[in-house]
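Work the whole structure out from these sequences, hints included.
Below, each chain spelled out in residue letters.
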Amino acid sequence: MAVTIKLPTQLRSVAGGAAEAQSDGSTVGEVLEGLYAQHGELRDRIAGENGELRRFVNVYLKGEDIRFLEGLATPVTDGDEVTILPAVAGG
Amino acid sequence: MPAEALKCKECSTRYPLEARYVCERCFGPLEVAYAPCGSSPEELKRRIQAGPHSLWRYADFLPLDCTPRTSLPTGWTPLVRADRLAERLGLGEVWIKNETANPTHSFKDRVVAVALARAVELGFDTVACASTGNLAGAVAAHAAYAGLPAYVFVPADLEPEKILSAGAYGAQIVGVRGNYDAVNRLCMEISGERESWAFVNVNVRPYYAEGSKTLGFETAEQLGWELPDRVVAPVASGSLFTKVARGFQDFIDAGILSGDVPAMHGAQAEGCSPVAQAYAAGTAVCRPVKPDTIAKSLAIGDPADGPYAIDLARRTGGSIDAVSDDEIRAGVRLLAETTGIFTETAGGVTTAVLAKLAEQGEIDPGERVVAYITGDGLKTLDTVRGSFEVAEIEPHLEAFQRGVVEGTPATSALREAGQGAAI
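Heads up: the protein sequence lines correspond to chains A and B, in order. Heads up: the first sequence begins at 1 in this note's numbering, then just goes up one per residue. Heads up: the second sequence begins at 1001 in this note's numbering, then just goes up one per residue.
Each hint should be verified, as a subset may be incorrect.
[Claimed, not checked] Ranges between beta-carbon positions, derived for each pair:
(1) B:Thr1070 <-> A:Leu69: 48 to 54 Å
(2) A:Gly40 <-> B:Arg1194: 27 to 33 Å
(3) A:Val14 <-> B:Gly1386: 54 to 60 Å
[To be verified] Computed list of lysine-lysine pairs in DSS-like fashion (alpha-carbon distance at most 27 Å, straight line):
(4) A:Lys62 <-> A:Lys6
(5) B:Lys1290 <-> B:Lys1356
(6) A:Lys6 <-> B:Lys1009
(7) B:Lys1290 <-> A:Lys6
(8) B:Lys1290 <-> A:Lys62
For the record, the hints were derived by calculation from the structure and aren't laboratory data. Computed from a prediction, not measured in an experiment: that's the story for all the values here. Just so it is clear, CB atoms sit at the ideal spot from N, CA and C, and this is done for glycine as well.
Next up, the structure:
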């Protein structure tokens, strides 16, 4: 499945300055693996040693936080959009 | 204590004092780090006491190059001894920090005052925020005073009082169809694209958060340079809760106070209690929730500072508790009836958790407790709607005698006559 990944400004410097990337996979986790394959430095920024997302990294599939779905195992379909954003909340 | 860097709370990477809020290495939140204090406690106290009756009296502990010459007078709110509330709860010494006395009636004036001052120092020309309501009014008002354009993003279904009072200052209000977390997410994306905009709680968030320390500073000074034993404060993102404690810690580190940070008790609404749930489960991982509570100013389903709030509560012998919407309404009523302070729902949450802790015997009658009432009841009037009746009478003495004096309860005669007006 071809998926567009939107990158936050904080990650663009290690992705050649790009605001978006294209990746493939059948789940969010696989799509992210595809992203790491293109930009090796991103893995360390986004994922901890166990492969899970770092605790201040939020990932959204079509606008929905994947923690409300099936996490990294959430299935994706062709043309979906995955957004990576830092966790920050005000009030 | 001059500010010297922004520092990642997770991996300690340091960055210059600019507009950034996220560590580029691990995405952890950044906070302001200060150089060790070069002054004696006596000298620091003297400078504080010679300062204005506003939060700027603590300028030595705030991350600004210069104290602003003018700003909306913010902070130095009353710390009210609440003996009747204490008596009702079987407690000894309870104080209410009454933040409704700020210019836009909530503690958010503090964080905005600091964030806006820093934004001006950093050269931004527009201010903005993602808000659950109180921040909207504060940003709009402080921007109006400073003569800067403001954009305020709120959930479209926010209480009308909060939208109306923010709009009155001339800010552009943007009602976003979604909950606060969706608003916040949108603002993060916009802030990445609008380089001249300071989103007070996004790209200048490390400075913004420091404003809440002044709640700790003021409380200690108003108690005669002493620490309370326990604190009850609301938890939404967890920022205020952790920074109140940081305020106490800063004063302890500077030698101004002796003792330990008080037991810190956080208060959430059951309808949005990711931090209380994680605390109860014995973990620091807050699973996000979809908020459903009348305490809209606390309705942050994905609280970024949740893990730090939990750590603080555990470390100080406090807790994070949650109360139902009915308990929140009862809390608003209890506070109003015993102290004369009418709070918004967030203060109902705080008061209800205080009552719960008292009932559970968590608080020793010999302890000094401070509860933070962070916002004004006039912004959430629906909370009390229908909770009492107005005795409506004809303008005659006899009608007063019959309808009010002899009516038992007061409005029974009117209700029978079908004239009672439910509010």
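### Query
Is Lys1290 of chain B within 27 Å of Lys6 of chain A, Cα to Cα?
24 Å, holds
Are the Cα atoms of Lys1290 of chain B and Lys1356 of chain B separated by 27 Å or less? Distance ~25 Å between Lys1290 of chain B and Lys1356 of chain B Cα, so the pair holds.
Given the hint of 54 to 60 Å, check if Val14 of chain A and Gly1386 of chain B actually sit that far apart at their C-beta atoms.
For Gly1386 of chain B against Val14 of chain A, whose Cβ atoms are near 56 Å apart, the range 54 to 60 Å holds.
ask   = Range hint 48 to 54 Å: satisfied by the CB atoms of Thr1070 of chain B and Leu69 of chain A?
value = Holds, at about 49 Å.
- Regarding the pair Lys6 of chain A and Lys1009 of chain B, is the alpha-carbon distance no greater than 27 Å? Answer holds: Lys6 of chain A to Lys1009 of chain B is near 25 Å, not above 27 Å.
Between the beta carbons of Gly40 of chain A and Arg1194 of chain B, is the distance compatible with 27 to 33 Å? 31 Å, holds
Lys62 of chain A paired with Lys6 of chain A [C-alpha distance capped at 27 Å]
Distance of about 11 Å is within 27 Å: holds.
task: Mind checking the alpha carbons of Lys1290 of chain B and Lys62 of chain A for me, to see if they're no more than 27 Å apart?
output: The hint holds at about 17 Å.
The earlier numbered hints are all upheld by this structure, with none contradicted.
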